[in-house]
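J.: The task is simple: from the sequences and hints, build the whole structure.
Each residue of the sequence shown is one higher than the one before, starting from 1161 at the first, in the numbering used here.
Treat the hints with caution; some may be incorrect.
DEER-style ranges, computed between Cβ atoms [as the list claims (entries may be wrong)]:
{"hint": "1", "residue 1": "1288", "residue 2": "1213", "range": "17 to 23 Å"}
{"hint": "2", "residue 1": "1232", "residue 2": "1280", "range": "19 to 25 Å"}
{"hint": "3", "residue 1": "1255", "residue 2": "1306", "range": "27 to 33 Å"}
{"hint": "4", "residue 1": "1225", "residue 2": "1287", "range": "17 to 23 Å"}
{"hint": "5", "residue 1": "1309", "residue 2": "1222", "range": "32 to 38 Å"}
Derived from the structure by calculation, the hints contain no laboratory data.
Beta carbons are placed, not taken as given, at the ideal position from N, Cα and C, and that holds for glycine.
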Amino acid sequence: MSARCVGVLALQGAFSAHAETLAGLGVSCREVRTPKDLSGVEAIVIPGGESSTMSQLLESSGLLQPLSERLHAGMPALGTCAGMILLAAEIVDGRDDQVSLSVLDIVVRRNAYGRQVDSFEAGIDTVVGPFRGVFIRAPRIVSTGPGVEVLGRLGDEPVLVRGGNVLAASFHPELSGDARLHRLFLESAGLEGFAGEEAPVARLRGES
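T.: Pasting the structure below:
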């Protein structure tokens, strides 16, 4: 029987840092690049990167429909930066051909905190305590639906939200050296107890 695992979408972006963070928590994880890789995955992380490029790769890889179906069927997800954009119900200033998985009732604006050269780090007030946020071409949460909790703020602005079992951040927690938000994701998804000790990161497709 295959080990239970968390998938990390590995088409583009900062997926390796997420996989390393999860492995550090003892979580078995699999890099997801094809529809076959979704088999047996109990939750998924959608990393930062370039959201329009990631949406194109989701379509060309054949992952868009099966991933959307799994998410709408209730598979837990963590989306960071571009991953949050892909999960959002509405994208402001998105490209005409950009897709949205529409599983989190928020409106986001791409690159609202500035360009790559405007990247910054800042302290965030979150439900797990003060957290160092790494913002790289970060999206802004313009509005949240009635079923969405704000779990973290940068000043007065929401930057960490949860809707059901979908957790999303404007920033890059995987680059902070702090695994508390990944642990929160596992706890929110009801997955905190399944990982074995020193679980490996599955690098090969279909490996678990």
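J.: Are the hints correct? Go through all of them and say.
T.: Hints versus structure:
no.: 1; hint: 1288 - 1213: 17 to 23 Å; verdict: violated, 30 Å
no.: 2; hint: 1232 - 1280: 19 to 25 Å; verdict: violated, 34 Å
no.: 3; hint: 1255 - 1306: 27 to 33 Å; verdict: holds, 28 Å
no.: 4; hint: 1225 - 1287: 17 to 23 Å; verdict: violated, 33 Å
no.: 5; hint: 1309 - 1222: 32 to 38 Å; verdict: holds, 33 Å
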